[in-house]
Amino acid sequence: MQKLQGIAVSPGVAIGEALVMDNEGFRIPQRFVARDAVENEIERLDKAIAAAAAEIARNRDVVTKELGEKYGAIFEAHLQMLQDQRLRADLEELIRDRHYSPEYAVSRKMRQYVQVFQRLESSYLAERANDIVDIEKRLLRHLLGHRRENISQLTSPVLVLAHNLTPSETANLDRRFVQGFATELGGPGSHTAIVAEALEIPAVVGAGPFLAEVSGGDTVIIDGDRGIIILQPDEETLARYRHESRELQAQAARLQSLRDLPAETADGARISLLGNIEFPYEVEHCIDRGADGVGLYRTEFLYLGSDSEPNEEHHYQAYRQVVEAMNGKPVTIRTLDLGADKIPHLPKPEDEKNPFLGLRSIRLTLRNLPLFRTQLRAILRVSALGNVQVMFPLVSTLMELRQAKMVLADVMEDLDENDIDYNRSLPVGMMVEVPAAVMMIDHFLEEVDFLSIGTNDLIQYTLAVDRSNRDVVGLYNPSDPAVLKLLSIAIGASVRKGIPISLCGQMSGSITYMMLLLGLGLRSFSVTPSAIPELKNVCRRLTIPDCEMVAQKAMTMENARDITAYLRGELKKRVPDASF
Amino acid sequence: MNEKADIKATRTVTIRSRQGLHARPASLIARLSRSFDAKVYLVRDHDRVDATDVIHVLALGVMPDQVLRLEAIGAQAEEAADAVARLITEELPKIED
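Each protein sequence line maps, in turn, to chains W and S. Numbering follows numbering that gives the first Met the number 0, in which position 496 of the first sequence is assigned residue number 495; successive positions increment by one, without gaps. Numbering follows numbering that gives the first Met the number 0, in which position 57 of the second sequence is assigned residue number 56; successive positions increment by one, without gaps.
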């Protein structure tokens with residue numbers, strides 16, 4: 000049994016069979032083969048070596064002819080390496096004596112060589128490790144043949160273990176069978192995290208290297224509540240997790256019974272519980288949980304899923320699906336919120352040393368007006384179909400907000416000229432996620448119809464912490480008094496001015512902060528849809544004056560740890576069955 | 000290949016290639032070694048590898064100016080040892096990386 004600690008990004012527990020993808024998206028297959036299959040497997044290995052050798056020889060000849068012998072020589076070297084008899088003998092031994100599958104034997108053996116090479120003194124020779132990796136890939140490709148691509152054709156439930164899932168990889172996964180994710184890289188905002196949340200399956204990211212320790216078919220546990228991955232669990236651990244998993248299901252069923260009850264406090268204050276979504280199909284998750292609307296519709300998936308820029312129709316159809324399904328309830332669409340470095344069809348920025356402080360979000364769209372206008376046109380068109388709001392991310396100066404509104408007004412004129420219908424009083428809002436925006440909140444409030452606090456970025460920028468960096472992630476804490484002070488300023492100013500404000504970061508989905516946020520005056524929470532029942536359950540047992548008292552006390556405290564402990568303690572007194 | 004211990008030849012060579020025994024020199028040595036009725040080994044300290052096993056030759060991590068011992072065993076041991084020694088000391092240094 001091996002236990003790994005990563006970052007919990009999507010709650011729940013999954014127990015099941017591993018599907019292992021290596022860092023190039025290869026599926027690493029079964030570790031062992033049956034005893035009586037050994038001869039066949041060795042034959043399969045020899046065929047793969049022969050096929051790989053023939054392929055390399057062809058490459059060598061083509062490259063030599065076109066570029067000269069010097070360039071062909073590297074393929075000649077690969078060919079010689081592949082024909083290394085000791086390698087062949089070692090692989091055969093692993094298959095014959097240890098019953099490794101040829102794929103697993105190749106992976107293991109080549110990885111050993113890579114390590115040997117990387118330890119060599121000469122950096123020039125150490126780089127030959129890349130040649131070994133190249134040969135490994137080639138051999139695996141021939142061994143796996145068509146089986147390599149069949150990640151989209153799963154037939155049984157699996158937990159996907161990968162180095163780092165890319166949007167194109169997750170796009171190809173058969174969602175019906177994927178029950179959990181665990182990755183070596185990635186942080187809370189990573190693509191894996193967003194997709195897992197959307198699929199409502201447990202996920203742990205950033206666990207560090209572990210793929211070498213596991214192979215396809217192994218039993219694995221992904222604990223998305225604690226951020227733990229367990230490889231080859233022992234019987235006792237399995238039994239414990241199976242029990243826990245049943246409990247969670249029972250609890251979810253209990254909470255589901257709250258679906259049609261209003262979200263209001265015990266003293267009758269109406270609370271708005273909205274869903275955060277990324278993909279159109281998630282609107283169903285919102286409806287299932289009785290959400291009051293979509294508080295954050297992220298639109299990044301439109302830009303990441305394909306190699307070409309989405310056109311107006313792509314946007315429109317994706318928005319329409321959600322707006323129509325919500326049937327008159329509000330849908331807040333956020334314009335593109337990505338860094339230039341992440342968008343495949345835009346030129347890579349040259350000087351992007353700090354992407355989070357660089358060309359991203361509203362800054363990026365204001366510099367790429369055709370792309371921005373396309374999205375705004377689609378949002379305006381869909382505003383004719385329901386209750387739509389538009390929201391700009393990462394606004395840090397009044398000028399940016401004004402520029403964005405000018406572009407919007409300009410697109411409106413275009414639509415007028417073409418007699419295209421839209422909602423003329425489309426509510427326009429912005430995310431509050433940069434400390435500068437909080438400092439200037441009174442000015443912003445004069446020019447917006449609503450605000451939404453994005454705590455994930457606000458915390459990161461306030462505390463200067465990258466939460467995907469394992470060394471400093473401990474400093475990232477929503478309870479930090481500096482963060483609470485900013486929240487208090489933003490919420491207080493909005494309430495006084497009578498401008499609706501909601502909170503859409505992960506903080507709002509955690510019941511720990513519910514008393515505090517209600518006490519500060521927040522009445523609208525936008526959360527991952529699966530968190531709605533629990534929040535509703537909690538808020539129905541609280542009263543506003545009580546929350547205000549708790550918030551006041553929390554605001555006098557000096558450190559994050561004390562504040563978290565205090566908030567949980569107070570909540571536990573009022574909601575004894577609350578679990579954190 | 001005849002590996003009877005009847006004929007055995009040894010040579011001592013110094014590596015002069017600018018980057019040591021990297022992929023291209025190693026593959027040339029392997030190819031040449033295969034062409035004789037003899038087994039050729041490269042020996043450094045306690046490591047002894049078959050000259051045709053390129054990955055293992057590379058894994059020796061032989062740097063420029065290091066000294067290797069060549070051992071050839073088999074009917075054409077002398078010829079093989081001479082040819083490989085000549086390749087290492089005369090031809091390989093001419094290869095531009």
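Just so you know, these hints were derived from the structure itself, not from any lab. Careful, some of the hints might be misleading.
[As the list claims (entries may be wrong)] In silico lysine-lysine, DSSO-like type, Cα no more than 27 Å apart, as pairs:
{"id": "1", "chain 1": "W", "residue 1": "328", "chain 2": "W", "residue 2": "352"}
{"id": "2", "chain 1": "W", "residue 1": "352", "chain 2": "W", "residue 2": "484"}
{"id": "3", "chain 1": "W", "residue 1": "69", "chain 2": "W", "residue 2": "136"}
{"id": "4", "chain 1": "W", "residue 1": "496", "chain 2": "W", "residue 2": "404"}
{"id": "5", "chain 1": "W", "residue 1": "496", "chain 2": "W", "residue 2": "572"}
{"id": "6", "chain 1": "S", "residue 1": "38", "chain 2": "W", "residue 2": "108"}
{"id": "7", "chain 1": "S", "residue 1": "7", "chain 2": "S", "residue 2": "38"}
{"id": "8", "chain 1": "W", "residue 1": "2", "chain 2": "W", "residue 2": "64"}
{"id": "9", "chain 1": "S", "residue 1": "93", "chain 2": "W", "residue 2": "69"}
{"id": "10", "chain 1": "S", "residue 1": "38", "chain 2": "W", "residue 2": "46"}
{"id": "11", "chain 1": "W", "residue 1": "571", "chain 2": "W", "residue 2": "484"}
{"id": "12", "chain 1": "W", "residue 1": "64", "chain 2": "S", "residue 2": "7"}
Keep in mind the model is a prediction, meaning the values are calculated, not measured.
Against the structure, the hints:
no.	hint	result
1	328/W x 352/W	41 Å, violated
2	352/W x 484/W	30 Å, violated
3	69/W x 136/W	23 Å, holds
4	496/W x 404/W	21 Å, holds
5	496/W x 572/W	34 Å, violated
6	38/S x 108/W	24 Å, holds
7	7/S x 38/S	10 Å, holds
8	2/W x 64/W	52 Å, violated
9	93/S x 69/W	13 Å, holds
10	38/S x 46/W	26 Å, holds
11	571/W x 484/W	24 Å, holds
12	64/W x 7/S	40 Å, violated
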